[in-house]
Structure formats: C-alpha cells, structure tokens
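Undergrad: Residue numbers (the numbering used here), protein chains in the order written: chain S, 1 to 242; chain U, 1 to 185.
The hints are simulated quantities; they were obtained by calculation from the structure and are not laboratory data.
Even for Gly, the Cβ is constructed at its ideal location relative to N, Cα and C.
There could be a bad hint or two in this list.
[Claimed, not checked] What follows is a set of in silico ranges between Cβ atoms, one per label pair, in the way DEER data are often shown:
no.: 1; chain 1: S; residue 1: Lys231; chain 2: U; residue 2: Gly70; range: 33 to 41 Å
no.: 2; chain 1: U; residue 1: Glu24; chain 2: S; residue 2: Asn6; range: 38 to 46 Å
no.: 3; chain 1: U; residue 1: Asp93; chain 2: S; residue 2: Lys182; range: 50 to 58 Å
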Amino acid sequence: MAKDLNIAPKEYEVIEGFLEDCLSKKEEIEFKNFEASDPDWNLKIEEVKFLKQGLENYLFKEEIEKIHQENFNRRSNKLKINSFWPLAIAASILFLLIAGASFLGLFQNKNERLFEAYYETDPGLITAMSGTDSYEFDRGMVDFKSENYTGSLQFWEPLLEADSSQDTLVYFVAMAKLELEKYEQSEGLLTNLVNGRDTEFSEEAKWYLALLYLKKGEIEMAKSLLKELQKPDAKTLLEELK
Amino acid sequence: MPKDSIRTLSQEELIKKICENRSEALTEMYKEGFPKVRTYILKNNGDEDQAKDIYQEAFIVAWQQVKSGGFKPENASSLQGFIYQVAKNKWLDWLRSSKYKKVVALGDQNFSFSHEEETDDYEEKLNRLKTAFKDLGDNCKELLKSFYFEKASIGELAEKFGWTPQTAKNNKYRCMETLRKIIQK
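Starting from the given sequences, assemble the full structure and let the hints guide the process.
TA: Shown next, in the form of structure tokens:
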C-alpha cells in the first residue's frame, strides 16, 4: 500500500463485483472503462482484493479461536480458578476506586471532554405558528426551544412516522434525541441525513455525527467527517484529535 | 444445527457451508477434528497449545482450499481426513526442523496461515490490517464482519442495522475507507 490511492464508492463496487465474478453487463462495461482510463486501476484491484481477503482471513481466524475457547478451553479455565479470587478482589477494589474517582469528576474520558467542550445545542428554527399544516412541526419547535425535548418529540415523531423524507424534521428529531441522550437513535437519523442528498442540514448533520463518533471513541470515523467540514470548530477539533 | 449434524451432510453440502463461513458447520467441523489431532500431537512430543496451533493452521489451509475450489472430495469424510493429514504433516515438518529453527509461536504472529510463499511484506500488511480492524468502532466492525465474513448482502445489512440499502452501501464504503486509511498511516 505504498501509493495513496483514492478509490471511489463506485470503483469499490465494480472491483468487488469483479473479484466475486458477478458483474452485470453494465458493470462489465464500467469495469472496462475504468481499466482503460485509470493507470492505477490494477493497483486499486490489488488493494481491494487484499482488504477483502485479508479481512475474511482475519475474521476466520478469530472465529476458530472463539470456537476453540468455547469448546476446548475447560482445562486452562480450571487451572486459573485457584488464582481467581485474589485477582477478583483486587480488581473489584480497583474498580471501586476508579468508579469513585469518576463520580467525583476526577476522571473523565478525553473524548467525552472534547464532546462536551464542542457540543452546543442547536438553537432551533423561528416558528410562525401560522395554523397551516406545519402547525404540528412548529408547535414541536416551540417545545424544542423551551428545552422541552420530550414534548417536541411528541409532536414530531408521529410526523416522522408518516413521512421520513423531510430533512428538516429528521434533523430536529435527531437533535431532540441527542439532547435526551438517546445517542444511538440520533446517530441513525444523522447517518441517514449525511448519506442522503445535499440539503441545508447536511453540514450540521455531519458535525453532530462527528461529535457522536467522538463521544463513542470512534476517532477515525469522526475525523473523516470533520475533514469534510468548513466550519472553524471542525478544523480546531480535528487539530486536537491529531 | 443439532449436534453431529455435519455427519448427515454430504461433502458437497458441507463444503458449501464452509464456503459460506456458516458458524454452525465450522463449529461442528472443528469440534469433530480437534480431539484426534490433539491425541496425535500429545503422543508425539507436543503439548496442548501446539496441538491447537497446528490444528488451526491445518483448518485454515483446508478452508482456503475449499474456498479456492482446489479441494475435491473423494469420499464421505474427505475434508476431515484432509485436515488431519495436513495437521500431521505440519507437525512432522516441525519436529524435523525444530533442531535448526528457533520456535516461532504459530498464534498471533503467524497470521499468514503458513503459506510459505507469502512474503514478510504481505504478513506485515496483514498484521496492520488486523490492528486497524481492532481500532474501528463497534458498528464498523459488525458491519464489515457481516458483509465480508458472514456474507450478508447489502439488503440484509440494511435490514439488520435499520438503514436503507443505499445507507448500508455508503456506510460499508466509509468503514472500508477508514480501515484503509488506518492501515496506510
């Protein structure tokens, strides 16, 4: 992997299809076009092949190790049992000390600290309360801006169930869930926005998704999103993560 | 899969399941073959850990042969017999060479699955991949394992994670790129 190759999603797809020998007619033409126009094409094939095979080999090795541990490791477990209790007691004391320190605020994960330092609640939208069919949404926004996030979701979630294609709605449901610390649900919605079409919320969705990745310790995922953002905070945070 | 059910499978059916990395088939195969190899190695100057390492290497060789289409079953227990034979040969090779070579653990370091022709460079890349995979987030690990090991389709990934198929495709790409970037560092 000496050369820094840039492999686009479509290229991955075509190469994987080629390696699996399952290209459609259309993809075969695309493959030939890439082959003819890209001097790095063979290198890209080699790289994808390596990743694909390497991953499968590694995961296979992990799988059989797991099978072995589950079925044939009784003897070594028995040997370990005599020395288990002193270790368990020591570990429990250590755990209590760490838990105590955390409780007192003496210990906080670096990622958590950064998340809290950079996280700011979205200010929400101006509401007109016009009595039109956006009334429910606007009413939820009033609650959102009053920091009554549970209240806002009571208005918005039925709307989202009925139609999940409204980017504004998806974004603010994600924000409300984020405030309520329903991180996984928020992440799912933000991921859909980031991967969907470009909208006025794409940038903010990427920013909050990057913060969520950071909070979870998925630093590389956070960094890859931050690199796509222009906002100064994103650049500063990226620097801190280097 | 009930216990011993691989015995009810034809070699072709078993090979198909092994190709698909079906966990139940792999487990039953592994459980069936290991005691015999362990007995052989323990009787021939080896220990439990060495038996495990040799057996796993032989198991991987068989898996790779099956996947590449290079293994052709000749009778009802061909695959199991093949693994035993590979393990036995590996152990004999090791015994013959042990006077001259320093013992190298066959576990974590020897990720090449004993392909002698593989270069150090390739092994180093595989080790980087292994380390990089461990650095990925849980979601990426699960997604990549589902797709590349369990052979889930994009549609199945979408269903499993509650995404649209396009989102599943995008996330798979993003995870692979993240993995690639970590390896390149």
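Undergrad: Confirm or reject each hint.
TA: Okay, the hints, checked on the actual structure:
no.	hint	in the structure
1	Lys231(S) - Gly70(U): 33 to 41 Å	violated (54 Å)
2	Glu24(U) - Asn6(S): 38 to 46 Å	holds (40 Å)
3	Asp93(U) - Lys182(S): 50 to 58 Å	holds (57 Å)
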